[in-house]
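Residue numbering for the sequence shown follows the working numbering, beginning at 17 and increasing consecutively.
None of these hints come from the bench; they were simulated from the model. Everything numeric in this text was worked out from a predicted model, so none of it was measured. Do not rely on the hints blindly, as some may be mistaken.
[To be verified] For lysine-lysine, the following BS3-like pairs were computed, each having C-alpha atoms within a straight-line distance of at most 27 Å:
id : residue 1 : residue 2
1  : Lys84     : Lys70
2  : Lys176    : Lys189
3  : Lys699    : Lys712
4  : Lys70     : Lys189
5  : Lys712    : Lys448
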Amino acid sequence: MQTPSEQQDRHDYPSHWEADVVLRDGGTARIRPITAEDADRLVSFYEQVSDESKYYRFFAPYPRLSAKDVRRFTHHDQVDRVGLAATVGGEFIATVRYDRIDERGMAASAPADEAEVAFLVQDAHQGRGVASTLLEHIAAVARERGIRRFAAEVLPANTKMIKVFTDAGYQQKRSFEDGVVRLEFDLEPTDRSLAVQRAREQRAEGRSVQRLLTPGSVAVIGVGRAPGGVGRSVLRNLKEAGFTGRLSAVNSAFDEGSEVDAVPAYRSVTAIEEPVDLAVVAVPADRVSQVVAECGERGVQGLLVLSAGYGESGAEGRERQRELVRQARSYGMRIIGPNAFGVINTSPGTRLNASLAPEPPARGRIGLFTQSGAIGIALLSGLHRRGAGLSTFVGSGNRADVSGNDLLQYWYEDPDTDIALMYLETIGNPRKFTRLARRAATAKPLVVVQGARHSGIAPTGHAVQATRLPHATVSALLRQAGVIRVDTVTEMVDAGLLLAGQPLPSGPRVGILGNSESLGLLTYDACVADGLRPLPPRDLTTGATPADFRAALAETLSDDGCDAVIVNAIPWVREDGVAADPETLATELRAAAAGCPAKPVAVVHVELGGLAEALSAATSTRPGVQAKEPGGCADPVHAARPAPAAEGEPPSPGTGEPPTEQYRIPAYPAAERAVRALSEAVKYAQWRREAAEPGKVHEYDDIDESGTAERIAELLGKDGDPRGATLAPADAHELLRRYGIRVRRALPAPDPDAAAHAARTLGYPVALKTTAPHLRHRADLGGVRLDLADEEQLRRSYQELIDTFGKPAELRPVVQGMVPRGVDTVVRAVIDPAAGAVLSFGLAGAASELLGDTAHRLIPVTDREAASLVRSIRTAPLLFGWRGSAPVDTPALEELLQRVSRLVDDHPEVVGVTLEPVVVAPHGLSVLGASVRLAPPPARDDLGPRTLPGY
Numbered sequence: 017m018q019t020p021s022e023q024q025d026r027h028d029y030p031s032h033w034e035a036d037v038v039l040r041d042g043g044t045a046r047i048r049p050i051t052a053e054d055a056d057r058l059v060s061f062y063e064q065v066s067d068e069s070k071y072y073r074f075f076a077p078y079p080r081l082s083a084k085d086v087r088r089f090t091h092h093d094q095v096d097r098v099g100l101a102a103t104v105g106g107e108f109i110a111t112v113r114y115d116r117i118d119e120r121g122m123a124a125s126a127p128a129d130e131a132e133v134a135f136l137v138q139d140a141h142q143g144r145g146v147a148s149t150l151l152e153h154i155a156a157v158a159r160e161r162g163i164r165r166f167a168a169e170v171l172p173a174n175t176k177m178i179k180v181f182t183d184a185g186y187q188q189k190r191s192f193e194d195g196v197v198r199l200e201f202d203l204e205p206t207d208r209s210l211a212v213q214r215a216r217e218q219r220a221e222g223r224s225v226q227r228l229l230t231p232g233s234v235a236v237i238g239v240g241r242a243p244g245g246v247g248r249s250v251l252r253n254l255k256e257a258g259f260t261g262r263l264s265a266v267n268s269a270f271d272e273g274s275e276v277d278a279v280p281a282y283r284s285v286t287a288i289e290e291p292v293d294l295a296v297v298a299v300p301a302d303r304v305s306q307v308v309a310e311c312g313e314r315g316v317q318g319l320l321v322l323s324a325g326y327g328e329s330g331a332e333g334r335e336r337q338r339e340l341v342r343q344a345r346s347y348g349m350r351i352i353g354p355n356a357f358g359v360i361n362t363s364p365g366t367r368l369n370a371s372l373a374p375e376p377p378a379r380g381r382i383g384l385f386t387q388s389g390a391i392g393i394a395l396l397s398g399l400h401r402r403g404a405g406l407s408t409f410v411g412s413g414n415r416a417d418v419s420g421n422d423l424l425q426y427w428y429e430d431p432d433t434d435i436a437l438m439y440l441e442t443i444g445n446p447r448k449f450t451r452l453a454r455r456a457a458t459a460k461p462l463v464v465v466q467g468a469r470h471s472g473i474a475p476t477g478h479a480v481q482a483t484r485l486p487h488a489t490v491s492a493l494l495r496q497a498g499v500i501r502v503d504t505v506t507e508m509v510d511a512g513l514l515l516a517g518q519p520l521p522s523g524p525r526v527g528i529l530g531n532s533e534s535l536g537l538l539t540y541d542a543c544v545a546d547g548l549r550p551l552p553p554r555d556l557t558t559g560a561t562p563a564d565f566r567a568a569l570a571e572t573l574s575d576d577g578c579d580a581v582i583v584n585a586i587p588w589v590r591e592d593g594v595a596a597d598p599e600t601l602a603t604e605l606r607a608a609a610a611g612c613p614a615k616p617v618a619v620v621h622v623e624l625g626g627l628a629e630a631l632s633a634a635t636s637t638r639p640g641v642q643a644k645e646p647g648g649c650a651d652p653v654h655a656a657r658p659a660p661a662a663e664g665e666p667p668s669p670g671t672g673e674p675p676t677e678q679y680r681i682p683a684y685p686a687a688e689r690a691v692r693a694l695s696e697a698v699k700y701a702q703w704r705r706e707a708a709e710p711g712k713v714h715e716y717d718d719i720d721e722s723g724t725a726e727r728i729a730e731l732l733g734k735d736g737d738p739r740g741a742t743l744a745p746a747d748a749h750e751l752l753r754r755y756g757i758r759v760r761r762a763l764p765a766p767d768p769d770a771a772a773h774a775a776r777t778l779g780y781p782v783a784l785k786t787t788a789p790h791l792r793h794r795a796d797l798g799g800v801r802l803d804l805a806d807e808e809q810l811r812r813s814y815q816e817l818i819d820t821f822g823k824p825a826e827l828r829p830v831v832q833g834m835v836p837r838g839v840d841t842v843v844r845a846v847i848d849p850a851a852g853a854v855l856s857f858g859l860a861g862a863a864s865e866l867l868g869d870t871a872h873r874l875i876p877v878t879d880r881e882a883a884s885l886v887r888s889i890r891t892a893p894l895l896f897g898w899r900g901s902a903p904v905d906t907p908a909l910e911e912l913l914q915r916v917s918r919l920v921d922d923h924p925e926v927v928g929v930t931l932e933p934v935v936v937a938p939h940g941l942s943v944l945g946a947s948v949r950l951a952p953p954p955a956r957d958d959l960g961p962r963t964l965p966g967y
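Construct the complete structure from the given sequences, taking the supplied hints into account.
Given below as structure tokens:
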């Protein structure tokens with residue numbers, strides 16, 4: 017009889033355990049199961065490990081592996097014995113394995129649920145986070161195979177490995193016996209282990225982007241010998257931007273030792289003696305594979321692929337794109353592109369412009385990401401014209417690897433970026449994007465335009481998981497995460513300018529002043545339309561001087577009842593008949609604004625050429641010592657005028673940037689645009705305040721979580737359909753009842769006598785309703801008869817339904833007891849394969865179905881989010897006593913929403929819940945109809961170990 021260690025593989029090769037990962041230093045590695053074909057790789061790997069590391073692994077000198085060792089470490093049954101390897105360039109850099117053991121520490125099989133785990137990391141790759149990443153993956157594999165606990169024995173001197181285990185965040189026990197530290201830890205993820213995992217993910221992915229944006233050396237591959245062409249243009253842009261690192265030009269046609277535009281030229285990247293951090297690839301698509309291989313062998317850290325002919329060109333191009341990503345990752349490189357527009361970093365320490373941008377942006381504090389080259393050009397030009405500077409820019413093209421999620425990880429801790437602007441045509445991992453966006457938005461504004469949102473078709477170059485959610489729902493979920501979601505790139509620039517140059521408003525009260533009464537009224541109307549609370553406009557008359565503007569602005573800003581100010585300006589003429597200089601007005605407005613730096617100011621200008629440029633000019637944010645008035649504003653009479661920023665002026669504390677952005681006053685050519693930008697800032701500021709106290713997910717004592725899980729398993733097993741099924745009403749009502757959600761009984765009434773018997777059972781008064789799909793919830797069509805007080809009324813109503821709509825078998829009538837009158841609402845929960853679990857709420861009937869007046873939140877929902885959900889719909893006033901009606905019991909409604917959220921969050925097999933109608937009365941509520949759909953739980957790519965999207 018064979019022992020487990022002598023058996024051949026009992027399972028097919030588990031390809032789903034393969035994964036690409038980002039390591040702590042930003043490089044990538046491939047994790048995969050070890051197989052019998054890896055014998056030579058294992059031996060080669062072991063030979064490169066130091067004697068000290070071998071001693072730590074085997075607790076004794078172990079210079080080489082025997083043939084028996086090699087077989088043992090490469091033959092696994094993929095259940096009780098599993099080995100994983102981290103590879104770069106196809107070669108092992110680290111290994112991990114587990115062996116299932118019993119309570120005596122001997123080899124065992126299921127149901128034993130403990131395993132011994134051991135690692136070995138090549139010395140050259142220690143400190144890159146390889147072991148901690150492997151631990152995440154081997155733990156996920158073990159849980160899949162029914163193992164709940166790991167044990168590891170480590171020498172006390174092996175502090176690095178002890179730290180890998182202790183820092184993982186799992187519940188642990190530690191003991192010391194016979195000179196060995198024994199660690200035991202449960203594999204069930206904890207809040208701490210998940211937090212550790214996500215913190216490591218943020219650092220690794222942020223570092224991988226940092227390596228691409230701050231290279232010490234760049235090689236442009238595909239530089240033509242003659243002027244023109246993509247490669248030559250990028251090389252010129254790099255030189256003109258003053259790139260601080262080394263530049264190399266590569267073309268197989270170059271002569272040895274030649275130069276191109278005073279840049280050393282080489283026939284291949286392998287001929288460059290110095291390290292190459294970033295390779296810009298601008299060769300035809302059919303030559304890219306060779307270039308990537310040469311870059312990988314040379315040790316290039318990252319690729320910017322400008323070449324087209326990939327996913328955007330059809331099926332053949334999509335396969336070429338997949339192969340490109342696989343090839344680059346196998347060498348530990350990340351890719352921006354293909355079909356990319358380029359990258360820009362304006363930091364003085366880098367000055368990188370590896371892009372096709374015709375005009376490089378000025379230095380600033382805005383981070384910009386686009387998935388379209390054309391939109392990238394438009395945004396760069398628009399920001400440049402309006403005086404805004406950038407910290408970094410990435411035009412990702414097909415974003416086959418580096419995506420918007422990676423940029424969010426980088427910008428989150430980037431001290432040079434205060435606001436992020438993103439043009440997205442697809443969101444590859446919406447669940448992760450909303451998580452990262454929520455975290456980023458607590459620190460800095462994130463403005464997003466989503467293209468292709470109504471076509472339902474992703475750009476051909478983008479490989480993404482489809483979502484079934486309508487765009488309005490996705491938009492609502494983004495706003496819940498703190499994203500400032502706008503519709504056009506113009507609105508993005510407008511909002512970006514205000515958020516980059518002005519403080520966040522503390523409320524919606526807007527002061528309006530200017531030298532045009534009509535423009536003031538237009539601004540007032542626009543504020544009301546956008547949900548702001550404008551103060552009466554202050555007309556300075558057309559004779560107002562710049563000094564008058566300054567005094568009026570300073571006075572308005574000092575008003576405690578004002579949170580922000582919009583200044584309107586039209587051309588004016590001085591008393592001597594000479595047109596006033598816009599520069600003078602700009603100087604006065606900046607002086608007044610500097611006196612009250614806590615409140616935002618925006619300017620609307622009409623035919624005042626030069627005013628926008630003057631307002632956007634960089635000025636110091638540090639006026640002289642000023643006398644302060646209530647509200648934190650300086651004395652408007654004595655407020656010092658800000659002086660121009662001095663050359664080489666040191667940064668303000670905590671900014672990392674010379675403080676020239678903060679007092680750029682944004683200017684707009686139309687009142688509506690200024691108001692819309694300010695409105696977005698007000699909503700974002702409100703979100704920030706609410707996010708500081710996020711609320712909590714309630715625990716309810718009457719919830720039967722374990723019993724529900726057992727019942728769900730039973731129902732799924734009984735159905736047997738892998739696609740799942742909608743539960744019978746009785747089963748659905750029972751499941752909901754376990755979570756404290758009680759559905760009113762509805763008894764079938766296939767004939768008048770059955771209806772009368774049902775009514776006697778329930779007690780009068782009753783309601784008679786049809787449940788046929790075309791009449792369900794359609795009281796307006798006459799399919800519902802209410803307040804039937806006795807059997808005579810019931811039988812008469814029954815006959816009217818038959819006469820009007822058809823036979824009982826078609827109508828499927830039911831009888832239900834009457835409930836207290838209130839407002840009919842609908843609650844739904846659904847699990848979307850891309851976005852995750854979503855809770856929706858609206859009023860029943862035309863409000864939600866015809867007008868789309870439905871609000872949405874991601875599950876799990878906190879108490880604060882439940883309250884916000886109820887108040888988010890446009891028809892919410894009907895719940896709060898509109899026109900003298902009695903307010904309904906919204907606390908009961910909020911509790912219902914939280915219970916539904918808990919049900920779906922606790923049990924991912926519950927893929928759909930509909931409660932309709934939910935009648936909310938002044939005291940309590942009644943759920944009159946419910947349906948529940950169960951299915952095998954969809955895969956959760958956000959709860960497993962860290963991985964890059966698969967290709």
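Results for each hint:
no.	hint	in the structure
1	Lys84 / Lys70	17 Å, holds
2	Lys176 / Lys189	18 Å, holds
3	Lys699 / Lys712	22 Å, holds
4	Lys70 / Lys189	25 Å, holds
5	Lys712 / Lys448	21 Å, holds
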